[in-house]
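**Student:** In case you want the letters, here they are:
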Amino acid sequence: MKGYSRKDEGCPRLLDLIPKEKERLTKSAEEKKTRHGSSEEKQLELRLGPPNGDWTIKNKNISREKDHESLLPFGYFSPWSSSSGTTPFLQAHGQLKESSQPNPAKTAVPNSSSSSSSAQKRTAPTPVVGWPPIRSFRKNLANGSSSKPISELQNAVGSKISSEKPIENSPKSLLVKINMDGVPIGRKVDLKEHDSYEKLSFAVDELFRGLLAAQSNFSAVGIKNDEDGGKAITGLLDGSGEYTLVYEDNEGDRLLIGDVPWHMFVSSVKRLRVLKSSELPTLSRGRKHGKLSLDTSPK
Amino acid sequence: MDPKLKKTKDSSSNSANSPDSTHSSFPFPDEVLERVLSLLHSHKDRSSVSLVCKDWYNAERWTRTKLFIGNCYSVSPEIVARRFPRIKSVTLKGKPRFSDFNLVPQYWGADVHSWLVMFAKVYPFLEELRLKRMTLSDESLKFLATSFPGFKALSLLSCDGFSTDGLKAIATHCKNLTELDIQENGIDDFGGGWLSCFSENCSSLEVLNFASLSSDVSFDALEKLVRRCKSLRILKVNKSISLDQLQQLLVQAPQLIELGTGSFQQELTPRQYEDLETAFSKCKNLQTLSGLWEATSLHLPVLYAACASLTFLNLSYATLRSDELAKLVAHSPNLRRLWVLDTVEDKGLETVGSSCPLLEELRVYPADPFELDLHHGVTEAGFLAVSHGCRKLHYVLYFCRQMTNAAVATIVQNCPDFTHFRLCIMNPGEPDYLTNEPMDEAFGAVVKTCTNLQRLAVSGLLTDLTFEYIGRYAKNLETLSVAFAGSSDRGMQCVLQGCPKLRKLEIRDSPFGNAALLSGVEKYETMRSLWMSACNVTMSACRLLAKDMPRLNVEVMRDEGSDDRQADKVYVYRSVAGPRRDAPPFVLTL
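In order, the protein sequence lines correspond to chains Z and F.
Under our numbering, the first residue of the first sequence is numbered 1, with each subsequent residue one higher.
Under our numbering, the first residue of the second sequence is numbered 1, with each subsequent residue one higher.
For the record, the hints were derived by calculation from the structure and aren't laboratory data.
Hints may contain errors.
Between beta-carbon pairs, the in silico distance windows are [claimed, not checked]:
id, chain 1, residue 1, chain 2, residue 2, range
1, F, 564, Z, 234, 34 to 44 Å
2, Z, 240, F, 227, 46 to 56 Å
3, Z, 279, F, 375, 47 to 57 Å
4, F, 582, Z, 278, 37 to 47 Å
5, F, 354, Z, 206, 53 to 63 Å
6, Z, 279, F, 330, 47 to 57 Å
7, F, 375, Z, 264, 28 to 38 Å
8, F, 244, Z, 188, 39 to 49 Å
In this text, a Cβ means the ideal position worked out from N, Cα and C, and glycines have one as well.
Please model the entire structure based on the sequences and the hints provided.
**Tutor:** Rendered as structure tokens:
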């Protein structure tokens with residue numbers, strides 16, 4: 001949680017770590033080496049989130065592997081994987097107090113607050129499921145006051161509410177998170193770089209095509225993609241493809257892409273999702289949950 | 001529950017109906033017993049009464065009119081129907097609490113329909129239904145609306161599965177409706193037309209809460225409704241109602257005791273502003289105020305006149321700054337309960353400490369829960385400040401990003417009467433930020449000092465020591481919530497062995513395994529339920545538990561793609577109804 005910096009660009013490499021095979025641990029060790037130095041340090045690096053700052057959870061494959069000592073390559077706190085009765089989390093913590101660790105300065109839970117303060121300015125990572133324990137209707141409050149004029153926020157004495165969020169105040173880029181079904185690591189896409197839904201769809205394809213391919217290469221019954229980069233993700237906008245693009249607006253509702261003019265979409269979108277088309281029944285509008293729910297009650 | 005028979009002579013065959021029972025143990029006839037028992041309202045008292053002897057059991061069951069079922073699966077509609085012949089009011093709770101945070105998949109269950117069918121048969125004069133975390137469809141709502149001619153009060157909290165169409169049915173058919181309270185539900189909002197379905201003859205409403213619905217309602221219909229319902233005491237409107245509309249409503253209902261405003265931001269003419277101010281000043285009975293979406297310092301002053309009588313101020317939808325809060329609480333010296341967003345920061349909480357000496361409950365919600373920047377929100381300083389000024393504080397829910405053991409120790413010294421202590425340090429496993437130690441001593445101080453503690457939620461970096469403390473000192477603890485905490489099975493074992501009054505234990509992402517689970521084998525029947533998710537429990541242990549304890553339902557849900565041996569989500573609860581018959585395929589009943 002302290003002492004590491006966000007690296008969005010790190011995501012694709014981490015995907016190599018997702019699946020079940022044991023080789024992933026060696027791969028992950030390699031990943032860690034390139035980024036953080038020696039592999040001993042990797043084990044001492046204590047994190048509550050992956051190095052890119054995302055609390056991305058969870059391909060459950062990762063977290064349930066009991067024969068792997070730690071999921072620390074993924075950076076996630078994994079209390080169950082240690083058989084000695086203490087969590088790796090606490091082991092590392094305990095080790096911090098001993099002098100025997102090789103390189104205390106590089107562990108990710110140093111006592112120094114100076115390194116932590118610079119790392120604290122990362123913006124919201126993808127949350128752990130159901131944490132913090134806030135009910136959906138309470139989310140999006142800081143952003144969700146959509147009609148509160150930005151100028152008022154900036155003029156207000158001591159206002160810190162949204163002044164640091166690039167999404168609302170910076171006209172130069174509009175970065176929103178985008179997650180895809182079946183891919184545990186999300187990406188971010190800058191909506192200012194596109195001016196139409198078609199361009200956005202193309203960008204989504206570019207962002208996730210490789211990830212999806214890497215994913216399926218490791219799955220036991222996956223489709224082997226021998227071409228580089230895997231197959232294109234198409235049909236996002238009209239429901240014709242295997243995946244469909246949806247978004248969440250500033251009220252927390254999930255909506256299909258494409259209904260409103262692009263500029264209106266940009267002003268209300270908060271995040272994007274790429275869902276499997278097969279799992280989409282009639283999407284309901286105006287739903288106040290943050291999650292997609294199947295509409296069951298016959299009208 | 002079978003009544004324990006006291007050793008009396010003639011207690012075997014007397015039913016509560018026989019008018020002349022003069023068996024020697026009880027010097028008064030059944031009618032007197034029934035008359036006396038009908039004055040008992042607490043379901044816990046009634047439960048105790050029913051255990052005295054068979055006569056008392058019978059007298060109690062005939063006089064009970066309010067049914068409280070804390071876990072809808074702990075009993076069945078048939079069993080209830082057999083035991084209680086005269087029920088007018090039902091409270092039913094369904095899903096485990098963690099379903100509020102998306103930890104329970106959809107279609108898990110807790111559907112109210114089978115209950116409604118039974119009620120229609122056995123309790124045709126049912127008047128009240130209060131549901132929490134249940135699933136109900138529009139069909140169920142229509143059935144409800146048309147099956148009970150005397151139906152008066154419907155309260156739905158955190159329910160799902162229905163839409164505003166179902167509300168239309170209620171508004172249309174329930175001619176004597178006194179209460180419609182729709183809170184925080186996952187419902188499909190197809191528009192506000194349901195409000196217009198209230199007939200023009202309907203004037204009985206006392207409670208109307210549709211704050212959590214999003215669509216516009218017909219203001220004309222609402223205004224007329226408010227005008228003719230002279231007994232209206234609770235009105236909570238939704239965001240679609242503007243300030244000047246609110247003013248018109250207030251003019252019709254100055255008798256309101258609880259008010260939830262709509263959107264609190266609008267360009268008002270000076271005249272409108274003045275009218276609004278006047279309207280608020282005429283609300284002399286206002287005790288509760290909520291809503292206030294988008295409220296700013298521009299419009300907050302209209303409230304000041306009404307603040308003097310306020311005992312509960314819910315600002316958890318208003319992103320107020322510290323100075324805005326300061327002015328509000330300065331006008332509200334009688335506050336007992338305050339809910340705010342952490343946008344008010346420590347400074348705002350300081351003003352609470354100095355302005356609200358009678359405060360008993362404080363909740364601080366995070367405005368942006370996923371923001372990790374430490375420079376937003378509240379810290380231990382704010383909590384300390386409130387504890388210094390509000391010595392009567394006994395309920396706290398506090399979301400923060402940093403905390404220290406020393407601060408918590410001081411806080412509970414200032415306020416030793418905590419009954420509900422829910423501290424959520426938002427980064428999982430966060431230690432004391434000054435000493436870098438676990439937060440064990442903080443919660444140790446809480447349980448040692450606050451002997452009346454009933455509910456505890458822990459967070460931060462915690463070892464088994466926390467749970468040793470809890471087991472040793474928290475003798476009145478009834479509900480415990482644990483997340484990302486503990487070091488080994490021992491932690492959970494300490495709690496199970498040490499807390500005699502424990503009723504609900506919910507745990508997620510903690511290293512408790514089979515030994516811990518099985519150590520509570522004898523305990524779970526004395527509890528309402530146990531939830532363990534993302535812990536270290538396997539299917540074999542769950543099966544063992546299920547086999548040993550036939551009166552417990554042991555249900556497991558597995559996550560996609562996880563190991564077959566892992567029991568990812570375990571829900572254990574006592575039941576006299578046996579295993580669920582409506583469990584979906586992803587719920588394995590062992």
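**Student:** Which numbered hints does this structure break?
**Tutor:** Per hint list: 3 and 4 violated.
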